[in-house]
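Engineer: Letter by letter, the chains look like this.
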Amino acid sequence: MFINFLKKKSTQGYNLIQNFTFTIVKNIKKLEELVPQVRRDILRMVHGVNSGHPGGSLGCAEFFVVLFFHVMNSKNQFSMDGEHEDLFFLSNGHISPVYYSVLARNGFFEISELSTFRKINSRLQGHPTTHEGLPGVRISSGSLGQGLSVAIGACLSKKLNGDKSIVYSLHGDGELQEGQNWEAIMYAGSKKVDNLISTIDYNKQQIDGSTEDVLSLGNLKKKLESFNWIVFEVDDGNNISNIIEVMDIAKKETKKQKPIAILLHTIMGNGVDFMMHTHAWHGKAPNDEELKNALSQNKETHGDY
Amino acid sequence: MGTTDLKNYSFNEKIDTRTGFGVGLLEVGKINKNIVALCADLTGSLKMGDFKKNFPERFFQIGIAEANMMGIAAGLTIGGKIPFTGTFANFSTGRVYDQIRQSIAYSNKNVKICASHAGITLGEDGATHQILEDLGLMKMLPGMTVINTCDYEQTRKATHAVANFLGPVYLRFGRPKVPNFSTEIPFEIGKGIKLQNGNDVTIVATGHLVWESLEACKKLNKKGISCDIINIHTIKPLDEDIILESVKKTGAIITCEEHNYIGGLGESIAGFLSKRKPTIQSYVATNDTFGESGTPRLLMKKYGLDSETIVEKTIKLIEKKNQLSSK
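As you go down the protein sequences, you meet chains E and R in turn. Counting in the numbering used here, the first sequence runs from 1 upward without gaps. Counting in the numbering used here, the second sequence runs from 1001 upward without gaps.
Each hint should be verified, as a subset may be incorrect.
[Unchecked claim] In silico lysine-lysine, BS3-like type, Cα no more than 30 angstroms apart, as pairs:
hint: 1; chain 1: E; residue 1: Lys255; chain 2: E; residue 2: Lys75
hint: 2; chain 1: R; residue 1: Lys1177; chain 2: R; residue 2: Lys1007
hint: 3; chain 1: R; residue 1: Lys1052; chain 2: E; residue 2: Lys192
hint: 4; chain 1: E; residue 1: Lys159; chain 2: R; residue 2: Lys1033
hint: 5; chain 1: R; residue 1: Lys1219; chain 2: R; residue 2: Lys1316
hint: 6; chain 1: E; residue 1: Lys75; chain 2: R; residue 2: Lys1223
hint: 7; chain 1: E; residue 1: Lys191; chain 2: R; residue 2: Lys1033
hint: 8; chain 1: R; residue 1: Lys1139; chain 2: E; residue 2: Lys119
hint: 9; chain 1: R; residue 1: Lys1301; chain 2: R; residue 2: Lys1139
[Said to hold, decoys possible] To give a feel for the contact side, a few chain E residues facing chain R, derived at Cβ under 7 angstroms:
hint: 10; residue: His84
hint: 11; residue: Gly136
hint: 12; residue: Ile139
hint: 13; residue: Ile152
hint: 14; residue: Glu183
hint: 15; residue: Tyr187
Keep in mind that the hints were calculated from the coordinates and are not lab data. In this text, a Cβ means the ideal position worked out from N, Cα and C, and glycines have one as well.
Next comes chain R alone, as it looks inside the complex (with noise of 0.2 angstroms):
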């Protein structure tokens, strides 16, 4: 147990990861004639406006229809186009699970499924809209790579990074504003990002949770608790390496997203550390429920999704972990 010389990540602005996406998108599209955008008649809450004014050609509004939007989507893969397609999470996945399967996953087809407003912080359109399975659902897929990304600053370089990937990916982002403070942090897929380096704990997290964490960590300092705090974007394939290492060091972990525990980055993990190194572990992740209607910042408080959440899991991690190693 001990403090740690924390690194302080600050960040200008509050902005949300689908307007990264965005903004990759045009970039990619400038650099890349091949990189066409599909869009289910949500061109605006993608943010894939500034796209389609600039390349109206490579841009095509399929309109409400999701599973034509997906076939289409693999269609043009043949010919050497690069699709992206845009609609919310839920649409992106559990609606057109079997397009997904049969004509872009195991058709081995380049399409890049884009998707916004995933998990609780979709906010008040409730639980209709707010998926909790779909990273679960994607990473279940033989060859999709999953991407879960935390700002906009990663959403944005990991737009670049998939279009220039070659193999069916999911990329999944958000609505609310976040801290953008990854602003000098590369991103590589597949390729873990160590954002602390404590000894007491592994905390290892994605999308909106990541921000939560590096919080945590602050309070969690203070208390005398040092963080190795792992920022895991890429889901599937997953940096094995990145995460054994800490574990081997801290002798805990404890994992946190914004999807329900069954199925997401926690079971992952799970999986793969009961092969090498079996380890203690914790989750923060909703608890195989469904969201309600609410604002982002009070359906986190109350899913267990916030920083609090990390703390106390922390704390009664490593009692856990004291007990275990004092029998």
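Only chain E is shown next, with the shape it has when bound in the complex (with noise of 0.2 angstroms):
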């Protein structure tokens, strides 16, 4: 689907893209082999402490394993300037057993760690936190609607200071009925701040049900066009081959006068058939054995921690 999209944009961008997926086919094994370790790693985080978000965090595996494994350039020593490495930010911190996962799996922190999330005496708080210095994490976020100003503020800093790294972030779509969004989409439009790639986990579900029944977003692209943004979209956001192509031409839109946005449709809870297509897992721990059920679903890869 995307790459038709780009057929009928440009031939130069589909040859691009044909000889750039050659290069990369023997790594999306391996990308791809990784997911259900991570699907695991979160169902088990959130079924250890019977609370968190698997609805959320399991419709992102695939996005945090190809930014994390592939897109980012990342420094192996955590330092929290980040200077002359990509950054990312999670501004819908309650999907922290993903991003907990996939920073563990990355070398952050031990895996054995994982065990500890929602424990007392963590790192691994319910919504991310610098607070306790886990590496990997620049920002608290958890109050929903604040992460793309702080992504913008690091996208400045990162001007300032001759550096021509990219920052990424994250958002829910639920999320952008946060009025502090839209001040922040229409500050990183007016400015040109172009070295801006925010993805909108566009899953159509929040806690109390759809996001069309709750409060409609309305055309997303085109709001976000009309802001002056580079929109993106990927039908299918849970398959890797399609984020790490559209990652790609995203990477070479930016420094290009403007922020760039990819609306990247998931389906929440992807990977556990029970818990796709409902909201009902946004905020709910599977039992014993809905885990082993879901676990069943997914094979141990990468060893259980």
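Given two chains presented individually in distinct reference frames, assemble the corresponding complex, making use of the accompanying hints.
Structural biologist: See below:
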């Protein structure tokens, strides 16, 4: 679908994508293999404390795996300032399980620490924070709608420092109901913040029901474009190749006087059949039996924590 | 009871504290290239124009979007910038409390929240703009340093001090022109300043009430009451030692601030004295009320924030102290 879009857009772009796809085909398999392990981490973490947000976490597993294991240029040693490396900000902090899993699997901290999620004296708070010094996290999030402003600030800091790297952020679609986002969207568009790639987890679900029912976002693509953003839309945002493709194109569109948004259509609860296509698992943990069922659908590929 | 040789505090001109901020910001901007400034469409009111003119690449006009400003400021610290945000005190605190709480305080970001037009002396704009709750809001945030300056020179020095201080700071100042008397007085975050030495009562003052307390001191001295006058510019962390030492001598304390008595400096002092040395106390502060339109001078009189009120409350407090000691 995305390639089709490019075909229509330009032949040159299509060739570029084809060449690129060829070189990364061998990586895709590795990334795909990691995804079920991340899902297992998410499920076991929320089950372990009978709380947390599995739905959105599962829906973004592919995105996080691609971002951290393929897209971002980040250094081995974590530093808060992140000079000359790509940065990531999670605005919808409640999907912390997927964030923690991917950070741990990427070596930011010991994988065994995932077992402390939401427990007392843990660095893995219910919502991510810098407060306990967890490597990989640069801002606290959880109270929704604040992450885009922070990401823009980091973009401005990079520009002042002559740092060419890119700032990535992730936002829930329901989260866009928070007004601060629109202040930030207006700012980034008006002030040409063009080292920013913001992804919207467009799963169309929120706690109380479908986003359409709770408070419709309308035509999000048109809205963002009218705020002077470049917008890409990915119909199947749970497909690793699609995410790689859109990220590569988006990267090439940076430094062109416009911020970039990716509307990533995902399925909440993806990878666990009974959690998919519903908002029921937005903020609910599986019981023992449900966990067993969910884990049976996802192979242990890298060893459970 | 007795009179004291008073130190004479004079001033060449009346000048607003916000101008002290503007001048200070330009100075620290020249010293440290990591200083950046953000403003939400009040550049003139905040006196940030000279910084903007001298360092256009380090000045960010955010527009009328304070929540976004706080978030952008938090993000700017990542990469080593030292952001100074500027808007009215009302829009610097209550309007954006959650943004400050999560993205700045809890995230421990090195943001300097600089707030002008604080308190009732904002004047004619009226109660919507006259925040009298901001010190309370800010001091309750873990890790937040809270400063309320008294004149031009103290605000200028405080701006330097917060630029060199690592951690989130709320710097509160105001709109009206007030005597600039503290030229020779050094400023150190968290260190109270003894302005007069006396024996009968401790008067602790912050912000615009400092000059009022010096005026009150002169009047009280003529009535035979000698006052210890302490300027507490740093509401948090509070210089407990200077207050404790004074009340051990005087046995009575009066706290003066342009803020609601609930949540302000007086409450902080009462809280720590109740643990260390319970002392009778009187509050010169607003009495759990909103303000209204008027000239700053008339509002200070009406809401009991002037030197006359300090004199009256001090006399009553000393009577009470004497009654208690004669029992």
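Engineer: Next, verify each hint and record whether it holds.
Structural biologist: Comparing the hints with the structure gives:
Pair hint Lys255(E) plus Lys75(E) holds up; C-alpha atoms about 22 angstroms apart against a cutoff of 30 angstroms. Pair hint Lys1177(R) plus Lys1007(R) holds up; C-alpha atoms about 23 angstroms apart against a cutoff of 30 angstroms. With a C-alpha separation of about 19 angstroms, the suggested pairing of Lys1052(R) with Lys192(E) holds against the 30 angstroms cut-off. Using a Cα cut-off of 30 angstroms, the hinted pair Lys159(E) and Lys1033(R) holds, with the two alpha carbons roughly 14 angstroms apart.
The suggested pairing of Lys1219(R) with Lys1316(R) holds, with an alpha-carbon distance near 15 angstroms, which does not exceed 30 angstroms. A hinted pair counts as satisfied when its Cα atoms are at most 30 angstroms apart, and Lys75(E) with Lys1223(R) does not qualify at roughly 70 angstroms. Of the pairs offered as hints, the one joining Lys191(E) and Lys1033(R) holds, with about 21 angstroms between alpha carbons and a cut-off of 30 angstroms not exceeded. A hinted pair counts as satisfied when its Cα atoms are at most 30 angstroms apart, and Lys1139(R) with Lys119(E) qualifies at roughly 29 angstroms.
Proposed proximity of Lys1301(R) and Lys1139(R) is supported: the alpha carbons are some 27 angstroms apart, at most 30 angstroms. Violation of the interface hint for His84(E) is found here, the shortest Cβ-Cβ separation to chain R being roughly 10 angstroms, above the 7 angstroms cut-off. Taking 7 angstroms as the C-beta contact cut-off toward chain R, the hint placing Gly136(E) at the interface is violated, the least distance being around 13 angstroms. Contact between Ile139(E) and chain R, as hinted, is supported at the beta carbon level, the nearest pair being about 5 angstroms apart and thus within 7 angstroms.
Using the Cβ-Cβ criterion of 7 angstroms, the hint placing Ile152(E) at the interface with chain R is satisfied: the shortest such distance is roughly 5 angstroms. Against a cut-off of 7 angstroms between C-beta atoms, the interface hint on Glu183(E) holds, since the closest Cβ of chain R lies about 4 angstroms away. The beta carbon of Tyr187(E) comes within 6 angstroms of a beta carbon in chain R, closer than 7 angstroms, and the hint placing it at the interface holds.
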